[in-house]
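Read in order, the letters of the sequence shown correspond to residues -18 to -1, 1 to 548 in mature numbering (1 follows the signal peptide of the UniProt record, and there is no 0).
A portion of the hints provided could be inaccurate.
Using 20 Å as the maximum straight-line C-alpha spacing, the simulated SDA-like pairs for lysine to any residue come out as follows [claimed, not checked]:
no., residue 1, residue 2
1, Lys270, Lys352
2, Lys232, Gly326
3, Lys284, Lys99
4, Lys352, Leu67
5, Lys242, Tyr158
6, Lys65, Ala327
7, Lys270, Lys227
8, Lys99, Pro357
9, Lys323, Pro357
10, Lys65, Asp316
11, Lys333, Val255
12, Lys323, Lys242
13, Lys65, Thr289
14, Lys284, Asn77
15, Lys270, Val43
16, Lys323, Phe355
17, Lys50, Glu132
18, Lys343, Ser71
19, Lys232, Arg513
20, Lys227, Gln190
21, Lys273, Lys304
22, Lys227, Thr289
23, Lys201, Glu530
24, Lys165, Asn184
25, Lys532, Glu102
26, Lys240, Ile492
27, Lys227, Met490
28, Lys252, Glu530
29, Lys273, Leu310
30, Lys302, Thr289
31, Lys232, Ala327
32, Lys232, Met490
33, Lys133, Asn286
34, Lys323, Gly264
35, Lys304, Gly326
No lab work stands behind these hints: they were computed from the structure. Only a predicted model underlies this, so the values are computations on that prediction, with no experimental measurement involved.
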Amino acid sequence: MWYKKIIIISTLIPLFNSQLYFPDEQTGGFKQMQNGREFAAASPVSPSFINNLTELRGTSVYEQYVDKIIASGVLKLTLDVQKALIASSPIDYNNIVYSPVNIAGALALVLLGSNGKTFEEVSTIMGLATGVDIQSKSQIVHEQFGRMLEKLQTTSGFDIGRQVNFATAIFVQNNYPIRQIYKHTAEAVYDSEVLNVDFASNPGAAQQIINAWVSERTKGKINDILGELPSGDTKVILASAMYFKAEWEKPFFDGTTKRKPFYTNGRHVKSDVMVEMMSNGGLFPYYKDRKLNCEIVGFPYKGNQTTMYVVIPNNSNKEKLKELEATLTTPEIDRLVSNVKYTGAIIIFPKMRIDTTIDLKKTLQMLGMKSLFDPSQSNLALLSPGIGAPVENPVIGDSYQNPISVGNTGNDVIIFSRSGAPVNCTQIFDPTSNVNTCEEVVNGTNTPQTVTYKKFGNKVGRRIERKITPRIAETLDNIRQYLNRQNDAEKFENPGLYADNVIHKVYMDITESGTEAAAATSVSLSRDGGRVTVRADVPFFFFIMHEETKTLLFWGSVNTPTPNFK
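Using the sequences plus the hints, can you model the full thing?
Below you can see the structure in the form of structure tokens.
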């Protein structure tokens, strides 16, 4: 068997954990197994409720339940990856910053195309094995995760355009077989682009194309996600990019920023680290926790739907920060956030730029995701049938026999007989051509539709706003079940694709206002008995949370801020 490389790149965050939930025969609840130890599950789920998920699909109860599963999984994975990163980092590391939801987007593409052991490991690492039978209902996760990403982009509380943008792309070696059902599902559910490049003959051009794609999706902030030429053996690169830009609801005071010391080893030790410290005052979400010996303050972004929470240990230094992070659990984070109340506060916070690149391969392996990186075990049978194998575009009916061998041409549109044809789809095309859209092919019409044009390189993408068809990802589950019933395992289990590495790059710029100078300076910085003072001039960690879904956009720990000045 020929083994071919996949590179997964994620621009702007990581998240992962090893958790498994098993039914408890005596109590009917769930038990959690991690590293061979048994823990009580945080929230047992009624089996009857799980069985009714399909019937509840489309209701607010259904969406809230699955949103909670995904958000809880992201948070648990965030804490586990943070602990793994700290454990594998040098003792005197400066900063660790990542974006869990962005890495989740990249892993979702892997989950979509995986089978067998790889499928089990990815679903577990993403924290999605929490009471839902992912083996047979992964469409629930893809369907809802796609909606969640769409919700984050449209309801994040920013009043100037779309300030939270997610993008995913699959870069494929020219003529390498990719299952059309995978391609179309990735496009429909995750709005993912599938682009052909030539890793084998022209890796330099492939590198430029991928770097240009990432640069465009991050508004020019990340230009070199691939610092080295990809190997000529590379067949697929999965890329996930995220751009985040927002203004504070209460901008920091303009004209009060001053250079001051940052005390990495605590305020009792003299420091030579100088950073610009911003000042603010007014009512902010705040809570002082005696159990964890820390304080938390929230900086809402405009619209109050997304908040940066900053957590500072009492008498903080880098050792105390590490100790606090090592003890954090999902319930503890939930408790900190739920206890904040608007309190009069004086805020001192560093103005800083964060630009980090993390290779997550070792971290993921530490958390149990091993088969994806092993050429002999990696199973991405739903992404590709393997080199040299024909790829058909299947039509799945109610009583399907073989969802792969149905004889269709490569130009056929996927038909889902139980839910109708896809409502919308995307086609990259020559703008001067009169080629019909896939909607026109399905409907038998040539009716013009309102479209927007997005330029990428020398291509124009015709993108039509789409709705996620409720059962679109269920077809992949049908294929997964079909493959698992085959006798000829070698034919389907391993198409020869494995991940070589997982690259995650984050760029963040924290300033007084975000984009514009602040004019509101009506609150005095003088302290009285009714106000608290929060000084983030010692090591702290922070996370940016979307309040409605409780999804973490970013997580970071800061020991030595990188100043904006040179």
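Consistency of the hints with the structure:
| no. | hint | result |
| --- | --- | --- |
| 1 | Lys270 with Lys352 | 40 Å, violated |
| 2 | Lys232 with Gly326 | 13 Å, holds |
| 3 | Lys284 with Lys99 | 44 Å, violated |
| 4 | Lys352 with Leu67 | 17 Å, holds |
| 5 | Lys242 with Tyr158 | 56 Å, violated |
| 6 | Lys65 with Ala327 | 31 Å, violated |
| 7 | Lys270 with Lys227 | 29 Å, violated |
| 8 | Lys99 with Pro357 | 13 Å, holds |
| 9 | Lys323 with Pro357 | 52 Å, violated |
| 10 | Lys65 with Asp316 | 18 Å, holds |
| 11 | Lys333 with Val255 | 13 Å, holds |
| 12 | Lys323 with Lys242 | 29 Å, violated |
| 13 | Lys65 with Thr289 | 23 Å, violated |
| 14 | Lys284 with Asn77 | 26 Å, violated |
| 15 | Lys270 with Val43 | 33 Å, violated |
| 16 | Lys323 with Phe355 | 45 Å, violated |
| 17 | Lys50 with Glu132 | 16 Å, holds |
| 18 | Lys343 with Ser71 | 14 Å, holds |
| 19 | Lys232 with Arg513 | 17 Å, holds |
| 20 | Lys227 with Gln190 | 25 Å, violated |
| 21 | Lys273 with Lys304 | 16 Å, holds |
| 22 | Lys227 with Thr289 | 13 Å, holds |
| 23 | Lys201 with Glu530 | 26 Å, violated |
| 24 | Lys165 with Asn184 | 24 Å, violated |
| 25 | Lys532 with Glu102 | 25 Å, violated |
| 26 | Lys240 with Ile492 | 15 Å, holds |
| 27 | Lys227 with Met490 | 9 Å, holds |
| 28 | Lys252 with Glu530 | 42 Å, violated |
| 29 | Lys273 with Leu310 | 12 Å, holds |
| 30 | Lys302 with Thr289 | 24 Å, violated |
| 31 | Lys232 with Ala327 | 12 Å, holds |
| 32 | Lys232 with Met490 | 19 Å, holds |
| 33 | Lys133 with Asn286 | 15 Å, holds |
| 34 | Lys323 with Gly264 | 13 Å, holds |
| 35 | Lys304 with Gly326 | 29 Å, violated |
Violated hints, listed in ascending order, are 1, 3, 5, 6, 7, 9, 12, 13, 14, 15, 16, 20, 23, 24, 25, 28, 30, 35; each of the other numbered hints is respected by the structure.
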